[in-house]
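S.K.: Here is how the chains run, residue by residue.
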Amino acid sequence: MKLPASFRTSKGMLGIGLVLAILLIAVIAPVLIPADWATKMDMRARLSPPTWAHPLGTDQLGRDLMYRVLLGARTSIAIASAAVLMSIVIGLPLGLISGYAGRTTDNVLMRLVDTLLAFPALLLALTISAVLGPNLQNTIIAIGIAFTPFLARIIRGEALRVAQMPYVEAARTAGNSDARLIVRHILPNIMPAVIVQSTISLAFAILAEAGLSFLGLGTQPPDASWGLMIQASRDYLDRAPWTALVPGAAVALTVLGLNMFGDALRDALDPRSKGAS
Amino acid sequence: MSYILNRILSMLLTLFLISAITFAVTNILPGDVAMMIMGTQSNPEALAGLRESLGLNDPLLVQYGRWIGGMLTGDWGTSLVFKEPIAPLLLQKMTASGLIVLFSMSIALICAVPLGVWAAVHPNRWQDTASSSAALLGVSLPDFFWGIMMILLFARGLHWLPSSGFVDPGEDLLLAFRHALLPSLALGLGLMAHLTRMTRATMTGILNQEFIRVARAKGLGERTVVWRYGLANAVGPVMTVAGLQVGYLFGSIIVIESLFNYTGMGWLTYQALLNRDIPLIQASVFVIAAVVMLANLIVDLLYVLVDPRIRLS
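Chains as they are written, first to last, in our numbering: chain A, 1 to 277; chain B, 1 to 313.
Hints listed in this document are in silico derivations from the structure and should not be mistaken for laboratory results. No residue lacks a Cβ here, since even glycine has one placed at the ideal position from N, Cα and C. Watch out, some of these pointers could steer you wrong.
Cβ-to-Cβ under 7 Å is the rule here; a few derived chain B residues that face chain A [stated by the list, open to error]:
1. 28
2. 140
3. 247
4. 293
5. 294
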């Protein structure tokens, strides 16, 4: 199998490499590293700079930052993926029906979506998280709901475009039912757009989780997430800047990888947008 | 004219929906205003009495009607945490946030447009790579991370700027400016990166069009072609994206203002959410959504001004 041309650029390769590496870490780090390595407190080495014993330094409780950041990968990636999945599960039918049905259905649904879009996504997520009570599961729900209107809007636009194609018209004339038209003829043709948007949403979800946890309205201790680590570093910035830099770099590399991967994916799946990244 | 009227009418409808959603979401909160005022250990009879007098036993629709009626007549209720009337409080905080929102938007636009054009004029050359890589890095880091880095560098390291706090521009303009600079930069960097990517994409599309070839063919200088012909057509799309980013900014100020202890709208909303100050949550969430919508309306109307083709159709 040959990679599409857009992935055979340095940016595309770097994107694939980063995404694969981080997925691998998220999957195997919890298997290889015992969970208590990330919570073990070494009181003699509190806020220690990087040393042989602690390659990325330690935090205010003497916990090893390398183990924490590696194990935190699973929490951050899992929350972001689950949230994006949730927004697809809600947004896909909403967008499809809206774009396909048109007229009143479209008007009503899109008015609702537009209203939700007026709320900044982070504000919506924070409010939902505060209302439901901050924990891991509600962080997923909060980010998932906050991202749904974006996805529904994009899917609706694509569905609208595809529904007007001659081949859909032909399939309709041939006597296919609405449900069959949507599932067999429209859905497969909007999937590229959905996949590209999901990759980009995943990058935003990682940032949103970090932001929520940073404000104390996302992941709660003892779960280790990158946003939570950055929050904990706030009081020790002067003495131990690496406590912020290590999780910050983890977020940056993940989001950077997802963005480059998403750009290459878009160029591969949608040749019209070539170079427009 | 009918376009503008149409937009305003649809905005009023959306405002109504925003208020309904805000009210509905905040009413799922466990515990109510009476519990917030008297505490969880309070006497059940006194609690029931307060509930009755606050009208919390009325049907939700009646409560919503009372809330929206209050909002329309300027009675926005009293904050439970700050023990102050909400309307003047919000106005004051909105001014503080308006300062950093405008500031960061200006910083972002001033840097992003030239950078994006520069990259688009030299596609796949080092200028493009440099500008695009910087932009990619910018969108990949959370803005609170930029904020932390700036505190480390400009406040703790170089001692150039204060690391936290807010000063009213009416009291001391220079000091207010110094306090607003770091939060604005932290907000502006991510925004700048988004807008650079957008400007580059739009300009790349425009520079490949026929009329640009014609302009070059008739011997116009490259500077005229790019800035006068190319950019003139990119202003609309870039402005629309900048307008949409106002929503993103009002989300980000919650994190940034909390980080910098900059007591604006974002900080206030965060305090309201943390303390479950229901009247304040309702009012501030509604106001933020309304401001974001208003910003987009203004951008749409400006679009009609800068792009005569829309007026004709």
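S.K.: Could you run down the list of hints and mark each one as holding or not?
M.R.: Checked hints:
Checking residue 28(B) against chain A by beta carbon gives a least distance of about 5 Å; that is within 7 Å, so the hint holds. The criterion of a C-beta within 7 Å of any C-beta in chain A is met by residue 140(B), whose closest approach is roughly 4 Å, and the hint holds. Residue-level restraint check for residue 247(B) holds (minimum Cβ-Cβ distance to chain A is 5 Å; threshold 7 Å). The closest approach between the C-beta of residue 293(B) and any C-beta of chain A is roughly 5 Å, which is under the 7 Å cut-off, so the hint is satisfied.
Nearest Cβ of chain A to the Cβ of residue 294(B): about 10 Å, over the 7 Å cut. The hint is violated.
In summary, the structure is inconsistent with hint 5 from the numbered list given earlier, while agreeing with all the others.
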